[in-house]
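Novice: Protein chains in written order, with our numbering: chain G, 1 to 204; chain V, 1001 to 1177.
Keep in mind that the hints were calculated from the coordinates and are not lab data.
Hints are supplied without guarantee of correctness; some may be wrong.
[Stated by the list, open to error] In silico contact screen, one side only, chain V against chain G (beta carbon under 8 Å); selected entries: (1) R1008; (2) L1067; (3) N1070.
All C-beta atoms, glycine included, are put in the ideal place defined by N, C-alpha and C.
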Amino acid sequence: MITKTKDDAKSVVSDEQLIAKFQLGDLQAYDILVRRYKDQLLNFVYRFVGNRTDAEDIVQETFLRVYKNKHMYKEIAKFSTWVYTIAGNLAKTELRRRKRHKIFSVSNFVNEEKDYDIPDHDHSPEKKVDSAIQEGIIQKAIEKLPAKFKEVIILRDIQGFAYEEISQILNIPLGTVKSRVNRGRLKLQEDLKFLYETEPKTKP
Amino acid sequence: MMDCDKFRMDFSNYLEGELHTEQRKKLDDHFSICPECYEIFRRMSDIQKKLKNLLPIGTSPGFEQRLQENILRQNQHPGFIPAQLQNWKLPAMGSAIVVATVSLFLVFNNSPAPETPDTDTQFNTAAPQIQGGLAKPVDAPTSSVPSTYESTTLIPDSLVSDSARIRPENIQQVKGK
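Okay, chain G solo, but in the shape it has when bound:
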């Protein structure tokens, strides 16, 4: 006998059906939505603000707002669009708050080049950095991107959203999204090009 697993249930009940149930008072539907989205939202916000604790607080606040404002969700949009919009706005508010209160990380007090000098000063002649360090460098480079590039790069290249949905989440035209993704990628490769200085150059 085949029993339905959680994944089966996930494929059967859509996010939109769950939020509709929750709007009618089904708290279990809310719990399922939290379980579905908590990790991907955390990754989105973490890449945005660069601090895990802050990111988790923002995701908490996102779900609290979903709970309190459940009736503000309209079926014209996907649930994922709605919840990502809430989380994105909270993340941007957090960044603005930090800017106002001048809460910068140490890296913000040194210039951009020095920030990426960490692997170069690692006495390895090949300048080979292990994946953990490289991840940290990439994360810092993402954080340093202007917000308008950062949000599209995270949504497109890390979270894998379609351009159309990014357009809805950020409420900007599709052409603007594509243009920002391209410019964001160009900026990122410029900021990270020191990682490639000694790698062999081969044509694809």
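Put chain V on the given structure of chain G with help from the hints.
Specialist: The following block gives chain V in isolation, referenced to the frame of chain G:
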């Protein structure tokens, strides 16, 4: 350089396979003569792969528990008002009744009795009327005062039930005096 900027605008479309064959060929031709653009494109492609492969992080084990607590806290203490007082009508009405009762008691109990009773303005109009003053000193010995006086002056009208106030036998006793 102008051409390079123009070609670079199409790098993402090239990466995502959104260029037509003709556009793609133009870009390939440009790569063959511009190593700088080709290097940029190669790095861009590689970084995009790295971004996709960044290790995902997960929420802490107590995340859902904490969320439940936050929801409960917000529901129980909206604006620091205790849950029992969230419905303000009941306690407000209770307080108003208590205040009104105490006020009435204090007003009527402490108000000086009129020297000459005026049947038009006296609150206890149904009580028997006594000529020569109705007030009995508080500290006066009760034995020296007729019982009928006590019933008409010391007890405020509001505290005496109608049935007690208009007892015919009381009226009869006063008239007899």
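Novice: Of all the hints given earlier, name the ones this structure violates by number, lowest first.
Specialist: none
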